Amino acid sequence: MKIAIAGKGGSGKTTIAGTLARVLARSTGHGVLAIDADSNPNLGVTLGLTRDEVSRLRPLDRSIVERIPDGEGKTKAVLARPAAEIVREYSTMTRDDVALLLMGRVEHAGAG
Amino acid sequence: MCSAHGAVRVLLGEIVGSEERPTIVDIEAGLEHLSRGTARNVDTLLAVLEPYYKSMETAARITELAHELGIPNVYCVANKVRSEDDGKALREFASQRNMNVIASIPDDVTMGKADRAGVAPLDFDASSPAVRAISDLAAHLHRS
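Those sequence lines, one after another, are chains A and B. In terms of the working numbering, the first sequence opens at residue 1 and continues consecutively. In terms of the working numbering, the second sequence opens at residue 113 and continues consecutively.
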């Protein structure tokens with residue numbers, strides 16, 4: 001089950017995303033991965049973290065990006081390490097066995 | 113092409129695709145940042161809409177894009193529904209725009225209270241009408 005949630009800012013999508021993640025985790029018993037890919041990351045609070053804990057979350061950074069030749073004289077971005085390893089390292093366990101991963105912004109990774 | 117954003121998109125798709133647990137991705141307001149890579153790796157898109165025109169228009173556009181991207185299940189979730197009139201307006205709009213509304217979450221003062229307290233709605237009051245409606249939505253998605 002891989003669900004993306006979109007909507008206009010202020011529509012309540014983050015509250016729905018967080019609550020949905022926890023309810024699903026409770027009902028399936030297998031844990032859930034919640035990814036905050038919004039530019040105004042706030043998913044952590046609806047998952048049960050305090051604002052202080054949310055402010056200390058470590059977002060994904062440029063070290064996970066590797067640029068390799070794409071075969072046409074340019075480069076393309078790929079994961080520098082296996083995805084599972086990155087998720088383990090960067091995600092934070094919240095309530096109800098929901099792990100939170102903050103995409104953040106991979107600023108200027110390989111820019112130029 | 114902004115390579116910083118491009119990198120984020122590529123990575124998000126790969127991470128979602130290789131994850132074994134059920135995964136929920138809270139994405140940017142529209143679908144501008146949902147790449148084909150990410151779209152290929154999600155099976156369901158939920159477009160959240162409120163019962164007013166601009167929000168419904170945005171959700172309609174998200175729904176169209178999601179279909180174009182080939183996401184198998186594209187649903188709408190109505191939020192902050194205040195009255196039967198709201199519900200009726202939403203249903204009429206949705207039926208004209210080929211939108212499948214699978215949940216209607218009532219406007220609930222508890223959500224604002226939880227937000228001001230800095231507490232998750234589920235921890236603030238798990239029996240509030242909005243939380244119960246989201247639980248019903250989870251059950252619906254779990255079944256399908």
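One should not assume that every hint holds.
[Claimed, not checked] Which stretches of chain A does chain B cover? Using the computed rule of at least three CB atoms under 8 Å from a CB of chain B, they are:
id	region
1	11-20
2	25-33
3	37-43
4	80-88
5	93-103
Derived from the structure by calculation, the hints contain no laboratory data. In this text the structure is predicted, and so the values were computed from the model without any measurement. Beta carbons: idealized from backbone N, C-alpha and C, even for Gly.
>> Please verify the coverage claim for the region 93-103 of chain A: does it have three or more residues whose C-beta sits within 8 Å of some C-beta in chain B?
In response: holds (count 4)
Within the assertion that chain B covers the region 80-88 of chain A, do at least three residues meet a Cβ-to-Cβ distance smaller than 8 Å?
With 5 residues closer than 8 Å to chain B, the region 80-88 of chain A meets the three-residue bar; holds.
(message) For the region 25-33 of chain A, count the residues whose Cβ lies under 8 Å from any Cβ of chain B; is that count three or more?
(response) holds (count 7)
Are there three or more residues in the region 37-43 of chain A whose C-beta lies within less than 8 Å of some C-beta in chain B? holds (count 4)
State whether the coverage of the region 11-20 of chain A by chain B holds or is violated, taking the criterion as 3 or more residues with Cβ-Cβ distances under 8 Å.
holds (count 10)
Of the hints listed earlier, there is not a single one the structure fails to meet.
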